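Which chain is which? The protein sequence lines are A and B, in order.
Take the first sequence: its letter number 149 is residue 148 in numbering that gives the first Met the number 0, and every next letter is one higher.
Take the second sequence: its letter number 82 is residue 81 in numbering that gives the first Met the number 0, and every next letter is one higher.
Derived from the structure by calculation, the hints contain no laboratory data.
Some hints could be false.
[Stated by the list, open to error] Here are the computed lysine to any residue pairs in the SDA-like style, where the Cα-Cα straight-line distance is at most 25 angstroms:
(1) A:K10 x B:S203
(2) B:K33 x A:E15
(3) A:K160 x B:S203
[Claimed, not checked] Here are the in silico distance ranges between beta carbons for each label pair:
(4) B:L173 x A:G115: 29 to 37 angstroms
(5) A:E15 x B:H122: 33 to 41 angstroms
(6) A:C5 x B:Q6: 45 to 53 angstroms
Being a predicted model, the structure only gives us computed values, none of them experimental.
Where is the CB? At the ideal position from N, CA and C, for every residue including glycine.
Here is what each chain is made of, one letter per residue.
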Amino acid sequence: MTDDKCETTFKQWLGEHQGLIFKVVWAYAGTPEDQDDLLQEILLQLWSSIPNFQGKAKVSTWVYRVALNTALVWKRAVRKSKRRRTPVIDINKMPYTGQEHTDSGENRQIVDKVYGAIRELPKIDGSIVLMCLDGLSYDEMADVLGISKSNVGVKLNRAKKQMAKLLKGLIDDF
Amino acid sequence: MTFDELQKTWQSQESSFKLRIDSDVLFKEVRRNKKHFESAVFWRDVREIAAGTFAILGFLGFSVFFFYRGLTLVALGSVLAALFVLWVVLFFIADRVVQRKRHPSRDKSLTACIEDSLAQVNHQIWLLKNVFWWYLLPPGIGVVILSGTMVWQIYAVVKPVLIELLENLTLVALVFWGVYLLNQRAVRKDLMPRKVELESLLNSLSNSSRTT
């Protein structure tokens, strides 16, 4: 694949699935520095993955897979020895905090609580909740994680119970 | 709030992401980071190989120097030392080539991705745990041979040769012991916790049947 084709594909994926990438970043990195670090690592891995994409999976599933895999095996950088990368965006000024945002403050609070709860879950369970909230099917989740559908079901049930405890009062029928 | 309502609220985040991200800016930054990463890896390899090559050339230079002064035994010792360092350089290159081919890809399933990362960490642990055998011992033997031939050439009597050799050996052993300890510290402080973290992730992917 030529560089131009990769560039076009990358920009297209970014345009269509950036929300998904940011959700993964928020769910797995707490501080602005870590978020910036993880975001750039995910984008780097996504760019490197383009030549391997054969169109067998949906693009959203592919992007999810790369983003989650990167986030789950991502190792927090040791800052003193790390070259400081220029932050391309101030991730904390993104959705739910900007003036252009149209959703209510209540929704923002709910989403913030959900992110908080996901961060408290074990990493794998958090990833399943994330995918479930984004409406991925059991097949897609199993594909991303590399486990069976029944295994996904078991994990999702367990994760939902934990989420219900963590979000007590917010969710009625998790 | 029901789960469906929460899902809708959650998915409504998407619309606001598209407002402010400039794909061009992000793309340029990704390309810049990729180039920086590739160049850092390239120069790290160049530095390591250059250091080894410099040592080999140094030993070969010594051998020529001693040979023309009629110290054939020392010259031979230098050649042997150069060969031992060459072994370390070749090991380095071979290991880098093999590991580059095995570089974990993030577009596989999560299980495969964690297994790849774990294999990489295990390999690094193996390398550092065995640093004595592949990195320290070969040049160590080279230095001992060179040093032995030199002191033999000077004294040609067993007792002072042994004393001198023992002094040199102690110095080399102290330096190598320090390098060895540094490597073992890296295994304990960085690599083992990483290994445990990845193993625990892998276990949590496979052990759902016992937890409901």
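Quick rundown of the hints versus the structure:
1. A:K10 x B:S203: The hint is violated at about 34 angstroms.
2. B:K33 x A:E15: Roughly 22 angstroms separates the two Cα atoms, so the pair holds.
3. A:K160 x B:S203: Holds, because 16 angstroms separates the two Cα atoms, which is no more than 25 angstroms.
4. B:L173 x A:G115: 29 to 37 angstroms: violated (52 angstroms)
5. A:E15 x B:H122: 33 to 41 angstroms: Holds: the Cβ-Cβ distance is about 37 angstroms, inside 33 to 41 angstroms.
6. A:C5 x B:Q6: 45 to 53 angstroms: violated (33 angstroms)
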